[in-house]
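J.: Spelled out from the first residue to the last, the chains are:
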Amino acid sequence: MDNGTLRQQLQLLLKQIYDLERLAGRAGSGTANGRDLVAMAESFEKLPDLAALMELAHSPYLVKLQTVPPALEQLGQRLRSHLVDSPPLYLTDGGLIREGVNAHLDGLRDQVSSDQRWIASLEVSERERTGISNLKVGFTKAFGYYISISRAKSSQAPDDYIRKQTLTDKERYITPELKEREARILNAKDEINQIEYEIFLSLRAEVGQEVELIRRVAINVAAADVLCGLAGLAIYQDYCQPEMGTGRTLAIEAVRQPVGEQSLPSGFFVPYASDLGRGSRSDQTLGAPPIPDLIILTGPNASGKSCYLRQVGLIQLMAQVGSFVPAKAATLGVCDRIFTRVGAVDDLATGQSTFMVEMNETANILNHATPQSLVLLDEIGRGTATFDGLSIAWAVAEHLATQIRARTIFATHYHELNELATLLENVANFQVTVKEMPDQIIFLHQVQPGGADRSYGIEAGRLAGLPPSVIQRAQQVMGQIEKHSKIAVGLRKGSPSTKPAKVAEAAPNPQLNIFG
Amino acid sequence: MTASKATAPDRQPAQPPAQAIDIPERLLKHTVRYSDYREVSRDDFTPMMRHYAEVKDAHPYALLLYRVGDFFETFFQDAIAIARELELVLTSKDAGKAIGRVPLAGIPHHALDRYCTLLVDKGFAIAICDQVEDPAQAQGLVKREVTRVITPGTILEEGMLTAKRNNFLAALVLADKHWGLAHADVSTGEFFTTQGSHMDQLAQELMRLQPAEVLVPTNAPDLGALLRPGETSDILPGGVPSLFCYTFRHLTAFTQAEAKQRLLQSYRVRSLEGFGCEHLPLAVRAAGGLLHYLEDTQKESLAPLQPLSTYTTTEFLVIDSQTRRNLEITQTVRDGVFHGSLLWALDKTTTAMGSRALRRWLLQPLLSVL
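From first to last, the protein sequence lines are chains A and B.
Position one of the first sequence corresponds to residue 1305 (my numbering), numbered consecutively onward.
Position one of the second sequence corresponds to residue 1222 (my numbering), numbered consecutively onward.
If you are wondering where the hints come from, they were derived from the structure by calculation, not from laboratory data.
As a list, the in silico PhoX-like pairs of lysine-lysine whose alpha-carbon atoms are at most 25 Å apart: (1) Lys1350(A) with Lys1569(B); (2) Lys1398(B) with Lys1481(B); (3) Lys1250(B) with Lys1318(B); (4) Lys1385(B) with Lys1343(B); (5) Lys1368(A) with Lys1569(B); (6) Lys1481(B) with Lys1520(B); (7) Lys1385(B) with Lys1350(A); (8) Lys1350(A) with Lys1368(A); (9) Lys1319(A) with Lys1385(B); (10) Lys1569(B) with Lys1385(B); (11) Lys1445(A) with Lys1468(A); (12) Lys1343(B) with Lys1520(B); (13) Lys1319(A) with Lys1569(B); (14) Lys1445(A) with Lys1483(A); (15) Lys1457(A) with Lys1474(A); (16) Lys1314(B) with Lys1250(B); (17) Lys1520(B) with Lys1364(B); (18) Lys1440(A) with Lys1474(A); (19) Lys1385(B) with Lys1368(A); (20) Lys1457(A) with Lys1468(A); (21) Lys1569(B) with Lys1632(A).
To be clear about the criterion: a stretch of chain B counts as covered by chain A if any three or more of its residues have a C-beta under 8 Å from a C-beta of chain A, and this derived list gives those stretches: (22) 1408-1420; (23) 1536-1546; (24) 1579-1587.
The C-beta atom is built at its ideal place from N, Cα and C for all residues, glycine as well.
Taking the hints into account, I'd like the entire structure generated from these sequences.
T.: If you want it as structure tokens, here you go:
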């Protein structure tokens, strides 16, 4: 699919193929009109060209398109040869069927047109015969064909004219022959419409017979369309082919945003930052640094942690859909489920608070995740008091790493969680780095090993335009808190090998310490 | 006339208060005395109204549009509903000497398609009861029959469908903690069924499919009208998200014996082994019930569905609704719009078929990688 011209040809061809799935449905249920059948025939005609393009394809969907079912080709030809190119919307008013399809139909049409020619020439011949220069031949729906003569000249009307209608300034006449021709035209037209409708119905029934076959082809056309679209995207946006395996590896290099290709400023280079899950495999070479199941990702506000989490999820998803992925290189293990918990919004509809939504979703993850799952958590425990939140975050991370052993990225502002890495061997710390200048910070949007020790939340607030007095006061308060806080001590006390519940119990201690 | 007006209210003392009807004053031309056709004794009806009530009985889930002359008329609760939804004037019609005037709202016959589109879009099901003989030649009451039933999940009309996404009809069977779920797209013929054992799995599966209509079997005698998104009912089982249209169906077609028989007959096969659901009773019951509904509403015009295919939710990468939302797969978190979603970014397809296929793939990615 990396053949550009081939792709363009394919796309050009696909553009001319109509929605076969639904057209087939309408034909099968007897609601398709003439235009639907013509659209279908046009689509069938494109199938041989499509097959030619697919000659070298390997994908199972595309291989099936290499041969065109002869039944469809014939059906397309039949529809084409029977139906006019742009049939009217209504089925019972005629004008659907081509000439040369039905001899009787053609005969009737010839007769109608010769009668109509006769009527058309009637005006001229009658003017000559009667010498009335403003004699007209007209037609109304209620009245049929008539000859009209102005009142002034009405006395000159010949004897064979039968007066039928008197208007303010003219008289309308008919002649027996005119009425006879008219009746013939109308009868023939009725018959024509009827025959055309019957031919149409039998054509539609023929299509209805092939619904299953058409839909089978349609599925493959749809797949070709999707693959072609994804291939084009992969080339224009420079995606890479992910290496898929059954292992637990999750290694992505240089992740980018798939959506809108608004790639993050400065490229967002991620040097194998997402190596997850190899640590627990037995095939790991001895002596190599253990590669973790769970990554604690820290970094300043607005540094792109959430974005990064989302990208990892999207890349895993895209890879399992069969698409290339927006990265320089990627090695991914197939996962059975992707869990995400990122910034919540109040669920106003059900009346649940932000924190309850967060906890419900977290509970759902802990109850259903398996070692094969990919879990992306963003700021668990944010929606409540600092120490409650931190304790919950710690316990959740620990449970995921020790009990479930799912591949997890845990983004947080609780730098205290970095302690987990020293206690558990399948946990690693990564951070989104910043460059610290004398009185401001620059976001580098890079993910590197190691834990961040500051959130730069106050910096972010300053960038967002909080008043200087507020910033100053915040820095003051933070200095005080940092001096007195003993959170880290409290966390170390709970041994990670014990049940997570115990760790949660340990949490109140620092809370007492700080206020005590 | 005066006598009938005086007696009628006595007959039906339990009238709902007028404000329950919830229609702006400007649309209300008469006091509404009957807001349900079942409140009125059938014997007092005019012959036409009696026929109306019979047809309505047979299609409880739908709004009944009843052809009278140049209009499609609706009466009682249906009239109140369409007056409210379509901003039509609610007037009244004489329904019999002892009854007096009953609510009426009508739409001109030439505007039928337009109004149908609006109503289906709002989540209503519609039954169209047309005159099937020439009124000029009719003796007595003109013969009328239901000629078309349109429900949110059974649309075939091009103008009512969204080209780029499937329009699924689902059917649900619950037994203890287990469930069976079948879904079909009538316009494309896709037909799937599955079963599982956790209610939250069921909710996830429904959220993934986003069905336009869900069938639920019940043995409640009064099936009631189709539940539109957000409406609740005592019959609706707990744990089922209320954001879809639900249609209640009699349990009979959803029983194991009936459902299986219907599938065997419809596909002219001897066993369900080939469909992979021979040993999945709940999946079979859901699929059979769904098929019965299609036969019931589509009558002879039903295009054959593709062979039933059985799947299990574990064959695919599970993406729950919260992840679907967080990863912004089909719509953005902030505004809930398509623009800016993953599907929007990836959809470079040129046909509607391709677009629908990509959406399906993204919401149900494979576990096996080639």
